[in-house]
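Asker: One-letter residues, chain by chain:
Number of protein chains: 2
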Amino acid sequence: MDTHHETQLDKELRELKNKLIHMAAIAEAMIDQTIKELVNRNEQYAPEVSKEEDDLNRLQIEIDEQALTLLATRQPVASDLRAIVAATKINGELERIGDLAINITYNVHTLVQQPPLKPLIDIPRMTELARKMVNDSLQAFMTGDIELARSVILADDEVDALKDQVLRELLTYMMADPRTTERALALILVSRHLERIADHATNIAEDVIYITQGRDVRHPKTPR
Amino acid sequence: MDTHHETQLDKELRELKNKLIHMAAIAEAMIDQTIKELVNRNEQYAPEVSKEEDDLNRLQIEIDEQALTLLATRQPVASDLRAIVAATKINGELERIGDLAINITYNVHTLVQQPPLKPLIDIPRMTELARKMVNDSLQAFMTGDIELARSVILADDEVDALKDQVLRELLTYMMADPRTTERALALILVSRHLERIADHATNIAEDVIYITQGRDVRHPKTPR
Numbered sequence: 768m769d770t771h772h773e774t775q776l777d778k779e780l781r782e783l784k785n786k787l788i789h790m791a792a793i794a795e796a797m798i799d800q801t802i803k804e805l806v807n808r809n810e811q812y813a814p815e816v817s818k819e820e821d822d823l824n825r826l827q828i829e830i831d832e833q834a835l836t837l838l839a840t841r842q843p844v845a846s847d848l849r850a851i852v853a854a855t856k857i858n859g860e861l862e863r864i865g866d867l868a869i870n871i872t873y874n875v876h877t878l879v880q881q882p883p884l885k886p887l888i889d890i891p892r893m894t895e896l897a898r899k900m901v902n903d904s905l906q907a908f909m910t911g912d913i914e915l916a917r918s919v920i921l922a923d924d925e926v927d928a929l930k931d932q933v934l935r936e937l938l939t940y941m942m943a944d945p946r947t948t949e950r951a952l953a954l955i956l957v958s959r960h961l962e963r964i965a966d967h968a969t970n971i972a973e974d975v976i977y978i979t980q981g982r983d984v985r986h987p988k989t990p991r
Numbered sequence: 768m769d770t771h772h773e774t775q776l777d778k779e780l781r782e783l784k785n786k787l788i789h790m791a792a793i794a795e796a797m798i799d800q801t802i803k804e805l806v807n808r809n810e811q812y813a814p815e816v817s818k819e820e821d822d823l824n825r826l827q828i829e830i831d832e833q834a835l836t837l838l839a840t841r842q843p844v845a846s847d848l849r850a851i852v853a854a855t856k857i858n859g860e861l862e863r864i865g866d867l868a869i870n871i872t873y874n875v876h877t878l879v880q881q882p883p884l885k886p887l888i889d890i891p892r893m894t895e896l897a898r899k900m901v902n903d904s905l906q907a908f909m910t911g912d913i914e915l916a917r918s919v920i921l922a923d924d925e926v927d928a929l930k931d932q933v934l935r936e937l938l939t940y941m942m943a944d945p946r947t948t949e950r951a952l953a954l955i956l957v958s959r960h961l962e963r964i965a966d967h968a969t970n971i972a973e974d975v976i977y978i979t980q981g982r983d984v985r986h987p988k989t990p991r
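Line order of the protein sequences matches chains Z and E. Using the working numbering, read the first sequence as starting at 768 and increasing by one per residue. Using the working numbering, read the second sequence as starting at 768 and increasing by one per residue.
Read the hints as simulated data drawn from the structure, not as lab findings. Bear in mind that the values here come from a model prediction, so they are computed numbers and not experimental data.
Distance condition first, Cα-Cα at most 20 Å in a straight line; then the derived DMTMM-like pairs of lysine to aspartate or glutamate:
| hint | chain 1 | residue 1 | chain 2 | residue 2 |
| --- | --- | --- | --- | --- |
| 1 | E | Lys885 | E | Asp944 |
| 2 | Z | Lys786 | Z | Glu829 |
| 3 | Z | Lys803 | Z | Glu819 |
| 4 | E | Lys930 | Z | Asp866 |
| 5 | Z | Lys930 | E | Glu949 |
| 6 | E | Lys930 | Z | Glu949 |
| 7 | Z | Lys786 | Z | Glu832 |
| 8 | E | Lys930 | E | Glu895 |
| 9 | Z | Lys786 | Z | Glu819 |
| 10 | E | Lys899 | E | Asp799 |
| 11 | E | Lys899 | E | Asp923 |
| 12 | Z | Lys930 | E | Asp866 |
Can you build the whole structure from these sequences, using the hints too?
Answerer: Listed below in structure tokens is the structure:
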């Protein structure tokens, strides 16, 4: 193998991975900011969150282009090939996490205009879990840590359970007093957005397991 | 270029695309079936929908493996390369559309156990739009029809407007009579799942535009 090309591929792969890490950091910041807005009952981060969404969109395209260039010019195989294809899937997951953070800000906008419905406990807990899942899934991608990827998939059950708990509790509010309906519904939708963020982190973790455990594509078992 | 390889690549690309078409047909059937359950107020398709979800999961993995094998063994470039990478993104979108159809069946399960809340008009309309968007986005991928892809993205605005309309209407039901809350909420969630199905079709359409209009990755404009 040509040593120069190998080094160049390694360098370009590292750049690609660093861009994903950058996307994940932005996505995590957006999750934090939107939930701080909800807890503090203001919309202080609105301009920042909107700029961060633009950054995610731009990075997503850059990663796709860089991955395609790498595939076309370096002919990577085996785990390098899998990592590059995974990068073009993971960038989409991170971009959508940003979209969901934006969705949460719409619900926050509804909520801050009315008195608080109840102290928030489960939703900040869901937020922290979802944020950690995003962080861990990217960490697992960078290090190939299958156990960490599995822990992300397990954490998703906890987020789902919290989502169901939020729904049950807020349903009783709505049924007891229709004046709470709009706020309760906004909080239910926030919990759904957080659940979807956790789903995207789970998708990333599944991709990591698939990449790391994948058979060598140069030697497929099925004849063709 | 080696003519034998070119032909082999074309054949394998056609197989890959046919698998995506197969996935899309299954996803569309699932959307139809779940909404028929909602309208007919029964759960007749439950076993079928569950089997179809398994089929989607299996096809998603097959497409990923086949795409990786193609990338490793045929070194495709330009539009072939883009089509293969797009296939590994689109299979994920279709698999998630199947997941959302499953989510709808959970809400249908809640709804059929109680008397109907209201005649359904907007939700069947959303369903038909979402199903058509899935069909059109795949058609656009197969034919490279940019105009069709753009029409999918435009249709998404219509689905979003219907989603908002469903929310507003059902909010008034819940606020007027708390006994309607559980059913109204289930219908709101169905509309959200349909909106997300439309989002996935929109993602596919955006991928199609990106593939077709992408610069030649063998000749990137940015120096590296």
